[in-house]
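A.B. asks: Protein chains in written order, with our numbering: chain A, 1 to 423; chain B, 424 to 803.
Since the hints were derived computationally from the structure, they do not count as laboratory data.
Do not rely on the hints blindly, as some may be mistaken.
Distance ranges between label pairs, derived from CB positions [what the hints assert, rightly or not]:
id: 1; chain 1: A; residue 1: Asp387; chain 2: B; residue 2: Asn579; range: 50 to 58 Å
id: 2; chain 1: B; residue 1: Asn773; chain 2: A; residue 2: Asn54; range: 38 to 46 Å
id: 3; chain 1: A; residue 1: Ala104; chain 2: B; residue 2: Tyr645; range: 43 to 51 Å
Covered by chain A, according to a simulated footprint, are these stretches of chain B (three or more residues, beta-carbon under 8 Å) [stated by the list, open to error]:
id: 4; region: 488 to 495
id: 5; region: 514 to 522
id: 6; region: 535 to 543
id: 7; region: 556 to 562
id: 8; region: 758 to 764
C-beta atoms are modelled at their ideal positions from N, C-alpha and C, and glycine is treated no differently.
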Amino acid sequence: MKKNRAIPYEMVLNSIASTRELVERILPKGEIESLKLGAKCIEEVVEESLEKANEGAPIIGHHFAFQREYLYCFDCVPVCIEGTSYLLSALLPDGVERYYDLMANWGHPFHTCTSQKGTMGMTLDDLFQFDAIITPTAPCDNTYASYPFFEYENIPLVLPDIPFLHEEKSYNYYGKQIRLALEELGKIIGQKPDYDRLKRHIEIENKVFPLQLDLLELRKAVPCPVENIFNAIAAGVAVFASGTEQKLKFYEEYLEIAKERYKNKQQYGKEEKIRSIWPYMLIFFDLSLCEWLDREIGMSILFDIFNYNFYELIDTSKDLDTMYYDMAKRGMNYPMMKESTDFYYPFIENCIQMAKDYSADCFIFTSHIGCKQFGSVPQILREALRDEVDIPMLVIDLDVGDKRFTSMKIIRDKLKMFAETLM
Amino acid sequence: MNLQQDNFLKIADTITNPYLNKTHKKIAGYYCTYIPEELLDAADLYPYRIRATGNENTDLADTYMVRFTCSFVRSSLNLALEGVFDFLDGLFICNSCDHSRRMFELYDMVVFKREGFTKQVPRFYISLPHIISEEGFQWLCNEISELKDKMEKAFNISITNEKLNTSIELYNQNRKLLRNIYNLRLLEHPKLTGTEALRISIANNSVPKEIANKELERLLNYLKERDPIDIDDKKRVLLLGSIVDNMEFTELIEDSGAIIISDNICFGNRTIVDDVKVENNKNPLERITERLYYRLSCPRMMDDHPRRLEFVNQEIERGKIDGVLLQRINNCDLHGCDNMLFEHELKKLNIPVYNFDRENFQADTTRLTTRLQAFIEMID
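Based on the provided sequences and hints, a complete structural model is requested.
C.D. replies: In structure tokens, the structure reads:
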């Protein structure tokens, strides 16, 4: 029996379990419900994963942009490279700085994304032993640049190629790439793709989709019935639990809570004074920011990039080619993939439309040092928002996974000052 | 003859040049070596590689690109915003890296929308695969074929196979001439420095190839007869990494006790070691695509590091290299990580390596000189 091949997953399990226990015991009913539900969901899935790993199931590392549910065509343990870095950066007292530093000392450039740097450092430290890693060739330079490190460490790398631009030919090409990649992955781990199993897990995701849309619709209400931290938790649930019944349950239960709040015109935290849209990521190294904004500033985060991009349903009733085509479409419309595999025009149009639909007062753009693919958009977006809907946008330069780049104090000060100008 | 004073090579020091003013052709600007230049030439366009040589100011561009973006791209955008590239009649962009691919939108939404700028500049985009595979090759063949159709429509022209074959010949000849010049650097007693080679390559990329080829022939004949350079006290280095469009940078290296014998950079070997095949039966556009796709890659090709390493090892042997300089423009993740792997791989082979970052314009020269001198002194 193989053991200890996914030690960071044990770290995730321990920290998420203690977080859940803490919030369940301390917080009264109605307080940060998304954290309670999300922690439970992730804990259960990670626990199952560790059991499987201990039984000898292959550990497949995957990019967050390669849908976790697709890997259920194998009997394996999917481990999200980026999710592991950032969930631990949120849960551990000093985040995963030790592993960032290990990689930096090994030569990984300081400006390259910490979402990969953390897990790379853990691999270098022999905490992970992946059987294979799969990543699409997107969404960013960090992906093309950092993943070859795993190959250097003798981990087989499978690379479904993803084209630029959303066209029929792109979905056809990427669909075939996913198929070839899964077949190649199967050869590496000595398994054949089990399509019935794959369909079952995709169908679970298909059931999640309308719930996500309902939640998005509820956020149009003033005050917003969804607490800020939900956005971060939902991102965690997506990368750790997609394709599972636990994720479905998370959305079903949280939707009921949000509906109840909506019905009672109940708000979370302080009186909602500012409605903000974060068109890019939240800050992962300190999720207490979300609560601080809710409770101290009265600023709602209506959604971030992981909570307004929803993919389409996958038709599992027809032939495999149709399913792969739909899988490609889902992949290319996944958060961050959608924006990175297209020009900025639809992104800007969407932002303007969302500002109108959700009565946003402002945008907050977290300009993450790793994300060069978004490095040219802030000013264009700022000008478009000013001209079209007359609302301002704050840009904060930071590393969303490392407090040492821009400290939480600086971030809070900026947000506070910005909020004061709005009120 | 001092090559720096050569009239043709002076072109390398400036963004514009007399040929741009004289030409009757439409000028097609492009950023990346993955743009099929032969196709542009066959369309009777003047292919012009956008660069930022000598520019130190990025004030205007900094408004539109965050500080984590590459200073080469920011610098070129600054020039564009100043109107320096207003002579362009077409713009060709591909998804080579995250920094340069977004120039498509920035030129469209900002540069070409400047007050007083009324010219309609057609823009073209190619989606390149990030891995090397048969499916990827087919994808790129379709992309290049579609590009041809779009160009024909935009410029109201017809790009025939005959024209493509003529351009292939012209470009193969150009690469051969440059290779012959570059080979004179590999000699035990080189005939030219790395800075001179870079100057020739940049000038070559700034003018139509029928003009460049005549100039390269002249320079090749001159260099063959030239006395070898005295390099007794210099270490022979191989230069790898990000784009270098600035001779001050290579001068700094060569003034620190080294001579650049070979390279794998954009204005260098990366564009000249592979030719378009002429002997097979495939149509010319497919052969152009074949070269483009399978040529010596840059790190944007995600699965091709082993082949790049093979080239590095080959050049180390061919050039009797004493040490390898791995440089990247700050914030370039692609070269940063590729260099990281090279550093480990070359150290295993006991090859002295120095891995550093820099800005596109020459800044912080004293510190960099000291570090380079220290590295060069450490080489046995």
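A.B. asks: All the hints need checking, so say for each whether the structure fits it.
C.D. replies: Consistency of the hints with the structure:
Checked against the hint of 50 to 58 Å, the C-beta distance between Asp387(A) and Asn579(B) comes to roughly 35 Å, which is inconsistent with it. Between Asn773(B) and Asn54(A) the Cβ separation comes to about 42 Å, which falls inside the hinted range of 38 to 46 Å. Ala104(A) and Tyr645(B) have their C-beta atoms about 48 Å apart, which keeps the hinted 43 to 51 Å range intact. Counting residues of the region 488 to 495 of chain B whose CB lies closer than 8 Å to any CB of chain A gives 6, which reaches the minimum of 3, so the coverage claim holds.
Counting residues of the region 514 to 522 of chain B whose CB lies closer than 8 Å to any CB of chain A gives 4, so the stated coverage by that chain holds, three being the minimum. With 0 residues having a beta carbon nearer than 8 Å to a beta carbon of chain A, the region 535 to 543 of chain B misses the requirement of three or more and the stated coverage is violated. With 4 residues carrying a beta carbon less than 8 Å from a beta carbon of chain A, the region 556 to 562 of chain B meets the three-residue requirement, and the given coverage holds. Requiring three or more residues with a Cβ within less than 8 Å of a Cβ of chain A, the coverage given for the region 758 to 764 of chain B holds, as 6 such residues are present.
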